[in-house]
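These protein sequences, in sequence, are chains A and B.
Going by the numbering used here, the residue at position 98 of the first sequence is 98; the numbering climbs one at a time, nothing skipped.
Going by the numbering used here, the residue at position 34 of the second sequence is 34; the numbering climbs one at a time, nothing skipped.
No wet-lab data here; the hints were simulated from the structure.
Beta carbons are placed, not taken as given, at the ideal position from N, Cα and C, and that holds for glycine.
Heads up, some of the hints might be wrong.
[What the hints assert, rightly or not] The list that follows gives simulated cross-link-like pairs (lysine-lysine, DSS-like), each with its CA atoms no further than 27 Å apart:
1) A:K167 - A:K109
2) B:K111 - A:K252
3) B:K39 - A:K166
4) A:K69 - A:K110
5) A:K135 - B:K39
6) A:K135 - A:K110
7) A:K167 - A:K139
8) B:K179 - A:K167
9) B:K38 - A:K132
10) A:K166 - B:K38
11) B:K179 - A:K195
12) B:K111 - A:K132
13) A:K167 - A:K146
14) A:K135 - A:K166
15) B:K111 - A:K139
16) A:K149 - B:K38
17) A:K69 - A:K139
18) B:K39 - A:K149
19) A:K167 - A:K132
20) B:K111 - A:K195
21) A:K146 - B:K39
22) B:K179 - A:K139
23) A:K109 - B:K111
24) A:K149 - A:K166
25) A:K109 - B:K38
26) B:K39 - A:K110
27) A:K135 - A:K120
28) A:K146 - B:K179
[To be verified] Computed far set for chain A versus chain B, every beta-carbon distance over 12 Å:
29) P104
30) K132
31) R163
32) D168
33) I169
34) L327
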Amino acid sequence: MAMAAALRREGRRFAPLVSSSSSILNNAAAAVRSSLLSEGLGPEGARSISTQVVRNRMKSVKNIQKITKAMKMVAASKLRAIQVRAENSRGLWQPFTALLGDVPSIDVKKNVIVTISSDKGLCGGINSTSVKISKGFYKINSGPDKEIKYVILGEKAKAQMVRDSKKDIEMSITELQKNPLNYTQVSVLADDILKNVEYDALRIVFNKFHSVVSFVPTVSTVLSPAVVERESEAGGKLGDLDSYEVEGGETKAEVLQNLTEFQFSCVMFNAVLENACSEQGARMSAMDSSSRNAGEMLDRLTLTYNRTRQASITTELIEIISGASALTG
Amino acid sequence: MFRQAPRLLARSMMARSRPFSDVPAQPASDSAFVEAWKKVIPNIDPPQTPLSFMKPRPTTPSSIPSKITVNFVLPYQSELSAKEVDMVIIPATTGQMGVLPGHVATIAELKPGIMSVHEGSEVTKYFVSSGFAFIHANSVADVVAVEAVPVDHIDPSLVQKGLAEFTQKLSSASTDLEKAEAQIGVDVHSALNSALTG
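Given the sequences, and given the hints that come with them, work out the whole structure.
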């Protein structure tokens, strides 16, 4: 039964060859067309190698290339908008550092590490860098009767930290960029953190935006008023704080408290803006390399496709010609 | 030929270095921190700290300088950065405070009021919502405010309306929180009012 069907197929193939020589060329053309049209069975049952698989891959790779190019342009436009605001906010933390100095190596009992990351992915390695640095701080500051807690901003860092440091995460905040970033929102957030978390030193880990291709992981340290008082009395980097007259408020402690809270909200505002800029810049470069890779893959697939196509045409021709020569010679 | 080499090298280095808005020539860093980091985590580079991004401040001069350098910053922009002026009057919580070159180092908390910057004969007035002012011994004044508007941008009719609204809210407030918020509104609007008239 199967053999009869096969013979019938063979017969069908040879029938037009016997008719005339001009129809050989027609059939060759038909065979070529058939290999482009369907899954390998041409007219009169001629078999050919399928290029459908390669063509499907080419289509999907081309779509991916278009999507990544579009994402890159979107990231570029968002970056332009937010870079202006980030650069304007850079003056905000400088007065505080000029006054209180910057002592990241300070040794305190209660450390809180505020990790700033993005909510959306596809932005390169910046979130992993922030998480690695936060875990580094955990290791440096761990010791007897010292406690370290995390406050996490952004989904991506939360996903990475929850895996092994779940018990140390004090608070996690997501969907920060649903509305455009502004100082009011960040100051409310800072207030929230200060109310709910006990701290001696807050370390804010973020990626500072230097340029579209360079993001530097940075850590800003904000001390609690008690620690500031202690350090200024002890001398050292904060030693000249004592020489400052304090105007306003009932006591120096009250003014110091307002000062540190204000410092925290200002530093947070700048950090969040810089991290958002770094996120868009990293996404731009990730999407750019992704479209370039897709283009290269498309080139390779096109070569494979052409090879497959030509091989199938050659096979058809060989079959036809060998069949014809078998009949004549 | 070899005498020219350092000059040529310096020129080529200057051409290559691009100025970022807040990176100084030599990055200063806390060496104790870097060492502690390297001991525990040798594989990853230590993160940068804000100190390496700041221009170093001038040291305290021995004689009183003639002008005071003002940095007036807001969250959205640096209104004045390193501007040399004669005098600044800031609205501290204890009253209007005039700052001249050679002023003693002070940390002042600000209340809503007018800040005026005197440069020669011209005076620029800003209405400041609140913030802090640091006056350093080297005659550099940093004023950090949350919101500031030039006085001529304020609309008197809106001020009156706001004042009436918050006074009414204060009288009808029930909880402490509402009372505090209404009181803040009243303070700010009456300060705005006196800023416009005075």
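Okay, the hints, checked on the actual structure:
Distance check on the hinted pair: K167 (chain A) and K109 (chain A) sit about 18 Å apart at the alpha-carbon level, within 27 Å; holds. For the proposed pair K111 (chain B) and K252 (chain A), the alpha carbon gap of about 17 Å is at most 27 Å, so the pair holds. Taken as a hint, the K39 (chain B) and K166 (chain A) pair is honoured in the structure, with Cα atoms around 26 Å apart against an allowance of 27 Å. In summary, the hint linking K69 (chain A) to K110 (chain A) is not supported, as the alpha carbons are separated by about 46 Å, beyond the 27 Å threshold.
As the CA atoms of K135 (chain A) and K39 (chain B) are separated by approximately 14 Å, the hinted pair is consistent with the 27 Å bound. Straight-line distance between C-alpha atoms of K135 (chain A) and K110 (chain A) comes to about 16 Å, which keeps the hinted pair within the 27 Å bound. For the given pair, K167 (chain A) sits about 15 Å from K139 (chain A) by alpha-carbon distance, which is consistent with the 27 Å threshold. Proximity of K179 (chain B) to K167 (chain A) is assessed by CA-CA distance (about 39 Å); at most 27 Å being required, the pair is judged violated.
Between K38 (chain B) and K132 (chain A) the alpha-carbon distance is near 14 Å, which keeps this suggested pair within the 27 Å criterion. A hinted pair counts as satisfied when its Cα atoms are at most 27 Å apart, and K166 (chain A) with K38 (chain B) qualifies at roughly 26 Å. As the CA atoms of K179 (chain B) and K195 (chain A) are separated by approximately 21 Å, the hinted pair is consistent with the 27 Å bound. With a C-alpha separation of about 42 Å, the suggested pair K111 (chain B) and K132 (chain A) falls outside the 27 Å cut-off, and the hint is violated.
This hinted pair checks out: K167 (chain A) and K146 (chain A) have alpha carbons roughly 15 Å apart, not beyond 27 Å. Restraint check for K135 (chain A) and K166 (chain A): satisfied, since their Cα atoms lie roughly 12 Å apart, inside the 27 Å limit. Distance restraint check for K111 (chain B) and K139 (chain A): the Cα-Cα separation of roughly 42 Å exceeds the 27 Å cut-off, and the hinted pair is therefore not satisfied. Pair hint K149 (chain A) plus K38 (chain B) holds up; C-alpha atoms about 22 Å apart against a cutoff of 27 Å.
The straight-line distance between the Cα atoms of K69 (chain A) and K139 (chain A) is roughly 40 Å, outside the 27 Å bound, and the hint therefore fails. Using a Cα cut-off of 27 Å, the hinted pair K39 (chain B) and K149 (chain A) holds, with the two alpha carbons roughly 22 Å apart. With a C-alpha separation of about 17 Å, the suggested pairing of K167 (chain A) with K132 (chain A) holds against the 27 Å cut-off. Our distance criterion of 27 Å between C-alpha atoms is met by K111 (chain B) and K195 (chain A), whose separation comes to about 23 Å.
Of the pairs offered as hints, the one joining K146 (chain A) and K39 (chain B) holds, with about 19 Å between alpha carbons and a cut-off of 27 Å not exceeded. For the proposed pair K179 (chain B) and K139 (chain A), the alpha carbon gap of about 46 Å is over 27 Å, so the pair is violated. Proximity of K109 (chain A) to K111 (chain B) is assessed by CA-CA distance (about 34 Å); at most 27 Å being required, the pair is judged violated. For the hint linking K149 (chain A) to K166 (chain A), the alpha-carbon distance of about 10 Å falls within 27 Å, and the restraint holds.
For the hint pairing K109 (chain A) with K38 (chain B), the CA-to-CA distance comes to about 21 Å; that is within 27 Å, so the pair holds. For the hint linking K39 (chain B) to K110 (chain A), the alpha-carbon distance of about 21 Å falls within 27 Å, and the restraint holds. With a CA separation close to 21 Å, the supplied pair K135 (chain A) and K120 (chain A) stays within the 27 Å bound. Distance check on the hinted pair: K146 (chain A) and K179 (chain B) sit about 40 Å apart at the alpha-carbon level, beyond 27 Å; violated.
The Cβ of P104 (chain A) does not lie farther than 12 Å from every Cβ of chain B; its closest approach is about 4 Å, which violates its non-interface assignment. Against the 12 Å criterion, K132 (chain A) falls within the reach of chain B, whose nearest CB is about 6 Å from its own CB. Annotated as non-interface, R163 (chain A) keeps its C-beta farther than 12 Å from every C-beta of chain B; the closest such distance is 19 Å. No beta-carbon of chain B comes within 12 Å of the beta-carbon of D168 (chain A); the shortest separation is about 17 Å.
Every Cβ of chain B is farther than 12 Å from the Cβ of I169 (chain A); the closest lies at roughly 20 Å, confirming the non-interface assignment. Taking the minimum C-beta to C-beta distance to chain B, about 74 Å, the non-interface status of L327 (chain A) holds against the 12 Å cut.
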